[in-house]
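Enquirer: If you want the building blocks of each chain, they are given just below.
2 protein chains.
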Amino acid sequence: MKACGLVVEYNPFHHGHIHHIQSARKVSDADCIVAIMSGSFLQRGEPAIMDKFHRTRAALRAGADLVLELPYIYAVQSSALFAKGAVRSLHEIGVQSLCFGSELGRIDPFIQTVEILQSTQTTYDTIVKAYLDKGLSYPQASERAYHAVGIDDIDMTQPNNILGLSYVQAMKQAQLPIEALTIKRIHNHYHDDAIHTAIASATSIRKELLLNGLTNRAKQSLPKSTAEELLQYAHLANQWHHWEAYFPFLHYKVMTMDTQQLATIHGVDEGLEHRLIQTSKKATSFYDWINRMKTKRYTQTRLQRMFVHILTNTTKTDVHQAISQATVPYLRLLGMNTTGREFLHKQKKQLNVPIVTNRKKNIPASFELDERATNVYYSILTPDRQQSLRKQEFTGPIIINDSTSEAW
Amino acid sequence: MKACGLVVEYNPFHHGHIHHIQSARKVSDADCIVAIMSGSFLQRGEPAIMDKFHRTRAALRAGADLVLELPYIYAVQSSALFAKGAVRSLHEIGVQSLCFGSELGRIDPFIQTVEILQSTQTTYDTIVKAYLDKGLSYPQASERAYHAVGIDDIDMTQPNNILGLSYVQAMKQAQLPIEALTIKRIHNHYHDDAIHTAIASATSIRKELLLNGLTNRAKQSLPKSTAEELLQYAHLANQWHHWEAYFPFLHYKVMTMDTQQLATIHGVDEGLEHRLIQTSKKATSFYDWINRMKTKRYTQTRLQRMFVHILTNTTKTDVHQAISQATVPYLRLLGMNTTGREFLHKQKKQLNVPIVTNRKKNIPASFELDERATNVYYSILTPDRQQSLRKQEFTGPIIINDSTSEAW
Numbered sequence: 129m130k131a132c133g134l135v136v137e138y139n140p141f142h143h144g145h146i147h148h149i150q151s152a153r154k155v156s157d158a159d160c161i162v163a164i165m166s167g168s169f170l171q172r173g174e175p176a177i178m179d180k181f182h183r184t185r186a187a188l189r190a191g192a193d194l195v196l197e198l199p200y201i202y203a204v205q206s207s208a209l210f211a212k213g214a215v216r217s218l219h220e221i222g223v224q225s226l227c228f229g230s231e232l233g234r235i236d237p238f239i240q241t242v243e244i245l246q247s248t249q250t251t252y253d254t255i256v257k258a259y260l261d262k263g264l265s266y267p268q269a270s271e272r273a274y275h276a277v278g279i280d281d282i283d284m285t286q287p288n289n290i291l292g293l294s295y296v297q298a299m300k301q302a303q304l305p306i307e308a309l310t311i312k313r314i315h316n317h318y319h320d321d322a323i324h325t326a327i328a329s330a331t332s333i334r335k336e337l338l339l340n341g342l343t344n345r346a347k348q349s350l351p352k353s354t355a356e357e358l359l360q361y362a363h364l365a366n367q368w369h370h371w372e373a374y375f376p377f378l379h380y381k382v383m384t385m386d387t388q389q390l391a392t393i394h395g396v397d398e399g400l401e402h403r404l405i406q407t408s409k410k411a412t413s414f415y416d417w418i419n420r421m422k423t424k425r426y427t428q429t430r431l432q433r434m435f436v437h438i439l440t441n442t443t444k445t446d447v448h449q450a451i452s453q454a455t456v457p458y459l460r461l462l463g464m465n466t467t468g469r470e471f472l473h474k475q476k477k478q479l480n481v482p483i484v485t486n487r488k489k490n491i492p493a494s495f496e497l498d499e500r501a502t503n504v505y506y507s508i509l510t511p512d513r514q515q516s517l518r519k520q521e522f523t524g525p526i527i528i529n530d531s532t533s534e535a536w
Numbered sequence: 129m130k131a132c133g134l135v136v137e138y139n140p141f142h143h144g145h146i147h148h149i150q151s152a153r154k155v156s157d158a159d160c161i162v163a164i165m166s167g168s169f170l171q172r173g174e175p176a177i178m179d180k181f182h183r184t185r186a187a188l189r190a191g192a193d194l195v196l197e198l199p200y201i202y203a204v205q206s207s208a209l210f211a212k213g214a215v216r217s218l219h220e221i222g223v224q225s226l227c228f229g230s231e232l233g234r235i236d237p238f239i240q241t242v243e244i245l246q247s248t249q250t251t252y253d254t255i256v257k258a259y260l261d262k263g264l265s266y267p268q269a270s271e272r273a274y275h276a277v278g279i280d281d282i283d284m285t286q287p288n289n290i291l292g293l294s295y296v297q298a299m300k301q302a303q304l305p306i307e308a309l310t311i312k313r314i315h316n317h318y319h320d321d322a323i324h325t326a327i328a329s330a331t332s333i334r335k336e337l338l339l340n341g342l343t344n345r346a347k348q349s350l351p352k353s354t355a356e357e358l359l360q361y362a363h364l365a366n367q368w369h370h371w372e373a374y375f376p377f378l379h380y381k382v383m384t385m386d387t388q389q390l391a392t393i394h395g396v397d398e399g400l401e402h403r404l405i406q407t408s409k410k411a412t413s414f415y416d417w418i419n420r421m422k423t424k425r426y427t428q429t430r431l432q433r434m435f436v437h438i439l440t441n442t443t444k445t446d447v448h449q450a451i452s453q454a455t456v457p458y459l460r461l462l463g464m465n466t467t468g469r470e471f472l473h474k475q476k477k478q479l480n481v482p483i484v485t486n487r488k489k490n491i492p493a494s495f496e497l498d499e500r501a502t503n504v505y506y507s508i509l510t511p512d513r514q515q516s517l518r519k520q521e522f523t524g525p526i527i528i529n530d531s532t533s534e535a536w
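So the protein lines, in turn, are chains A and B.
If you want this note's numbering, it's the position in the first sequence, counting the first as 1, plus 128.
If you want this note's numbering, it's the position in the second sequence, counting the first as 1, plus 128.
Source of the hints: derived by calculation from the structure; they are not laboratory data.
Hints may contain errors.
Note that identical chains are pooled: a pair holds if it fits in a single copy or bridges any two copies.
Unchecked claim - Subject to a maximum C-alpha distance of 20 Å in a straight line, what follows is the list of computed PhoX-like cross-link-like pairs (lysine-lysine): (1) K519 to K410; (2) K519 to K409; (3) K476 to K410; (4) K154 to K130; (5) K352 to K335; (6) K422 to K409.
Put together the whole structure using the sequences plus the hints.
Expert: Listed below in structure tokens is the structure:
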């Protein structure tokens, strides 16, 4: 039984993701599509619009066979560490290939670029540092450094290319026997702001949902199953999630910490603790705070991740302990269909890390960070809604049957 | 110029407090009434109904001459430490007497009781421990112990008697040259629930205010000046303060901490950290949480103080550092009238601790705890209201002129 892995966030699951699953199935010739998905908080340092359980159900209903959760400790990290956690998880579960979307749609440039980077890493780092010191922003500095070391094939200003490259690089570094595959993305920009067609960016869909709700405009880019899960979640939670809802907690948290305590938090580096205390006195909203914190050196994404770690109280020690391990600490199973179940059954005997299916069983210590992140994720809801949603952590994986799934 | 000190919370200032000020002036023959008042959070582990600045103004308008803030580190503590901070502050500013309200209205029983306690402290402690181990509640155990060592004159189940005794005890222990005075209280019970006459308990007034607003029923127990300050504060803050408004922050805070971190907080003793984590999963409101935490050993007041320290992130180290000092770290001046100003001017040269008048000047390091408490106190408001109210910390003391005060 062959399996192909996808690294996803499904925030929310849209038509582009169906294209991804279907194309991956085709190019990989796999029987089982395994998605490794971020949980409550995402790589760009944002809360997911709805919880991981409803996003899992949407993914299964639209074609994924098995959904695993990428541990928090890897999910809210820069692309290198994020990719490291994702490819290692996919290796542990036993996929033969990994397929990602890219603008180019050809894998060779990625493999060549990784080779160039490997031999020029020191030069690359020196150039980035020099440009940063000259006052360029991090994205500007790294773009110039890529060109300087001879990387021209891939547009390294595209987040999807950076992520794709990180997967290939992480697999090569760990010498994992996974084939890298890529398919061409069928819309233009990751951050495109508006919904134009049935294929729209997740960013534009979230914007529409958070501003105007589940409008026809939003629906045109979403499978019916996602629309239903979004409604179901809104019914349970009475809202979808976005940063501003967490601002009072974040602000309260920083207000009760001194610079010393702030400096223990992962991502609060190079004196950012002082800037945090200063700006906290004037910030009137989350994005106002981001704007007050932003400098050329610190991108919005970098700062957002730092804010997630402050919110979840994730310390440098927490991260150091977790990532110093040779492999991922566990595989958290969020859901599966009949195919996924069959695949899992076949793999079970040869797994080297525990499968966590239900919060009550086989819980490695490091799982506490995920539980904390999920608790924080739900804190913006009323106490009774928090409690009923938290129970999902204890009820085991979501299991759906392919043939009846759309009738759910 | 003679001064008499009062230890107060003014939560809110009512007719009983006018009686206190006027009687104290009479029995002490003092020219200046100095009130040492708790700031944002109070001795029983509760947020003040309105902020310290509006409570100061109400006190000055109704007859107090000088209002100082009792530092947070003493304000939210059991009676012994609370009294220690209060009498030391009053000694530093230079009062000749201290006057408190009591049911008995005679000072001799208090002085005799302190003498008995001094010679029987070990016996008293042993008896309390024995009764606690038998399963009695702390108040029950201490009441029996008082009787056992021969203390019968004072009803030690009355919080005001306990506090009065603590002042006398603290003054004696530190050998302060302050005369203890007491006046008879003119209403029955500290915790009386309903407003019956023009003299009502602060508890009953708060209950009426928080449930029904500034009704005629509430107004009958309040000077016009307090009613005006309450309205003015509600206008600025859009609410009055009570524990339930802080519940989401408190709950979020505990959810992000592990037992080890919780155990560093002042008041989280004897394994309460485990109980906190357990009960946090089920608590749906602040008072629901208190009920889940309560045992015979831990009174509600004790737990409420612990919750205040969790909310403000006050560690055992913070408290230990502050109270190990021989004297109070500073005197925070909140407000004064012409008489208070004249008194302060006369005393200034002989003060041994700094006077903090304005957050920008003369700030001792330990003042950070008060600033943090005030920041937390305002966190339940919208960001713009928080900011404008926080500015009061920087604008120096409130100064009113006796003759024009009621025209404010």
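Enquirer: Against this structure, judge whether each hint is valid.
Expert: Hint check results:
{"no.": "1", "hint": "K519 to K410", "result": "between (38 Å within a copy, 11 Å between copies)"}
{"no.": "2", "hint": "K519 to K409", "result": "between (37 Å within a copy, 10 Å between copies)"}
{"no.": "3", "hint": "K476 to K410", "result": "neither (53 Å within a copy, 35 Å between copies)"}
{"no.": "4", "hint": "K154 to K130", "result": "within (12 Å within a copy, 93 Å between copies)"}
{"no.": "5", "hint": "K352 to K335", "result": "within (19 Å within a copy, 51 Å between copies)"}
{"no.": "6", "hint": "K422 to K409", "result": "within (16 Å within a copy, 36 Å between copies)"}
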